[in-house]
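**Q** Letter by letter, the chains look like this.
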Amino acid sequence: MSALVYARYELLRTFRNVRFFFFSLVFPLVMYFLIAGPNKNVHDLGHTAGFSGYFAPLYYMVSLAAWGAMMSVMAGGARISAERSVGWNRQLRLTPLTTRTYFRAKVLTSYVLALISIALLYLSGAMLGVRLPAEKWLQMTGLILVAAIPFAAIGIFLGHVMSIDSMGPALGGITALFAFLGGVWFPITGGGFFKVLAECLPSYWLVQAGRLGLGGGQVWGAKGWLCIAAWTVVFAFLAMKAYQRDTKRV
Amino acid sequence: MALLGPNGAGKSTTIDMLLGLLPPDSGTVSVFGMKPADAIKVGAIGAMLQTGSLIRDLSVRELIDMMAALFPKPFTVDEVLNLTGIADIAGRRVQKLSGGQTQRVRFAIALVSNPDLLVLDEPTVGMDVESRHAFWTTMRRFTSSGKTVVFATHYLEEADTYADRIILMARGEVVADGPATEIKATVGTRTVRATLPGVDPAALEALPGVTHVETRGEAVILNCSDSDATIRALLPAYPQARDIEISGAGLEQAFLQLTGNGDVDE
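Chains A and B, in that order, give the protein sequences. Residue numbering for the first sequence is 32 to 281, as defined by this note's numbering. Residue numbering for the second sequence is 106 to 371, as defined by this note's numbering.
Don't read these hints as lab results, they were simulated from the structure. Fair warning: this is a prediction, and the values are worked out from it, not measured in the lab. Incorrect hints may appear among the rest.
What the hints assert, rightly or not - Taking CB as the label site, the calculated pair distances span:
id	chain 1	residue 1	chain 2	residue 2	range
1	A	L65	B	R197	35 to 43 angstroms
2	B	S135	A	A150	47 to 55 angstroms
3	A	V57	B	T248	29 to 37 angstroms
4	A	S194	B	R246	35 to 43 angstroms
Glycine included, each C-beta is placed from N, C-alpha and C at the ideal position.
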């Protein structure tokens, strides 16, 4: 009961924060229409000999969906550091609110935002002519959401160890690094060190989840699930410790 | 109960430990026979911290409702709004409140759990005179229902006027504990003032019980270790003395003497 009321107000707060709402939801859409709109008749994006290429609106849709989901859940951390900057964390410590309820509400809020972001992108994709079989939509979305879990934990962790001033650069830098090394922007080709490294990063599996919609990519094997689980466990633990230790005066 | 002391005396640290926000370096903290965390869990202890503000994007009513939902036996939102006198701003967004209003909403949040012990760290900082008055009226109503309020302050006047018991701290230690009158009495000096023109200060200093003499124009100020003896000797010797006032030491003098600190931060 109390957990529900608390989560409901957390959601309400998020939706009332107009600027945050705009950058989390509207911004990816604008980007999508700017990039995919002019290319809505391109069916051979990135074609090479022996590969007919992707339908451009589909390609950009899955890329932005994976990227947007990661950003949405990480951004939960920015909200936390903003709350900490006014000492709210200490105020919560004077209530019976448990760590678990607190985390659940934070993750839930981030996920609702991520889901809306994905849904809006899918809708926009459909408007530009993207058609996929139902099971592809589901498979892709399901795996994107699972792959976003470690990022939610990383976001919460950062929110509790970073000040509000350093949060912006930290989020920007870390998401960029994850995206770059995980092959969000440039596909990881060949074997070698970067391939091995990429497979240890949750962003790589996030990309693979999105690529399912492209007909490429791969449903995760044991390696993928293990990687996501490991990052989740480690950062959920660190986030919990950071939250519990975080009682200093501001 | 007032926790009084100069800045750096350890008031906020004591309160942080009492609330379980800071572990003591040694020893244990017990509140109602429980660990601080457990006292918070059952809603026995509520607190308003010195620093901190409110989260944005909710109305005052929504914020209080959100906090109330976390406790086992809270006041209703309307009870808290009325008790703290903020019913008129219940619909306003938190980020649009003035400093004094924010402080009152923070107070409402401390009170919403309906605690047996309310801990307030410098509660009236940032309040205007009217808010401050309303605040102490609420406190009185709250304590008259059998609850305890502990507040830290460096305003001597507030401690003197509103506390039934004062604990005076300096450099992390308790230097006095008791009602304001008792703490003032520990200083052991009284002041006798009188209008007494053209008198030799040295002669006054020779009176029994006088420790120090000052003159201010036609007025004389005698610091006395035994004001009763002084008065008995003064009146026969100087029948022209008029406008005689005898006053005990102020809390300020006691404060300075007991904390051994020259600068009172007021």
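**Q** Hint by hint, note whether the structure agrees.
**A** Structure-based check of each hint:
A C-beta distance of roughly 39 angstroms is found between L65/A and R197/B, which places it inside the suggested range of 35 to 43 angstroms. Judged by the Cβ atoms, the range 47 to 55 angstroms given for S135/B and A150/A holds: they are separated by roughly 52 angstroms. Range check, V57/A to T248/B: about 52 angstroms between beta-carbon atoms, so the 29 to 37 angstroms window is missed. The supplied range of 35 to 43 angstroms is met by S194/A and R246/B, whose beta-carbon atoms lie about 40 angstroms from each other.
Against the hints set out earlier in the document, a violation occurs for number 3 only.
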